[in-house]
Structure formats: structure tokens, C-alpha cells
Amino acid sequence: MAKENCLVVHAAGRQLDLLRGEAGRIAKDSKLGWWTDRADVGTRFCFEDAKAKEAFALTCDNFGIRCRDG
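Residue numbers (numbering that gives the first Met the number 0): 0 to 69.
Calculated from the structure, these hints are not laboratory results.
There is no bait here: all hints are sound.
Here are the computed lysine to any residue pairs in the SDA-like style, where the Cα-Cα straight-line distance is at most 25 Å:
1) Lys30 / Leu17
2) Lys27 / Asp68
3) Lys30 / Gly20
4) Lys27 / Gly63
5) Lys50 / Gln14
6) Lys30 / Val7
7) Lys50 / Gly20
8) Lys50 / Gly69
9) Lys50 / Asn61
10) Lys30 / Asp60
11) Lys50 / Arg67
12) Lys50 / Glu3
13) Lys27 / Leu15
14) Lys50 / Arg37
15) Lys50 / Arg65
16) Lys27 / Ile64
17) Lys30 / Glu53
18) Lys50 / Ala38
19) Lys30 / Lys50
20) Lys27 / Phe62
21) Lys50 / Val7
22) Lys27 / Ala49
23) Lys27 / Arg43
24) Lys27 / Gly69
25) Lys27 / Asn4
Turn these sequences into a full structure, and let the hints steer you where they fit.
Below you can see the structure in the form of C-alpha cells.
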């Protein structure tokens with residue numbers, strides 16, 4: 000799968016668990032797949048669709064968690 004719809008987040012512990020739950024909810028609502036993998040710094044969250052990625056970025060902003068394209 001392409002990495003064009005990915006965000007790298009800087010979170011750990013409960014924040015990371017919270018983001019995984021939110022990513023799953025966003026993907027389920029969009030009927031799309033998603034996955035995570037390790038980045039150099041942080042965790043990469045990837046989605047099959049740009050709209051899902053944007054929704055996840057907004058979720059990160061709402062929780063005050065830094066993220067960047069990745």
C-alpha cells in the first residue's frame with residue numbers, strides 16, 4: 000500500500016492507544032483500511048484515503064498531539 004496518506008504522530012502510552020482507537024473508528028466509518036508502523040521518531044498511521052487521513056489529522060489536533068505528513 001502507498002504511503003501517501005500517512006501521518007507520523009508523536010505520542011506514547013495511553014495517547015497512542017487513544018489514537019489507534021480513533022484511527023480504527025475513522026477507517027470503519029469510511030469503510031477503508033488503515034495500518035501503523037514505526038517511524039524514525041513516532042508512529043506512522045496510514046489510511047487508504049486522503050479524507051480519512053485529514054479526519055485523523057483533525058483528531059490529533061483536537062487532542063493536542065503533534066503530527067506531520069509521513
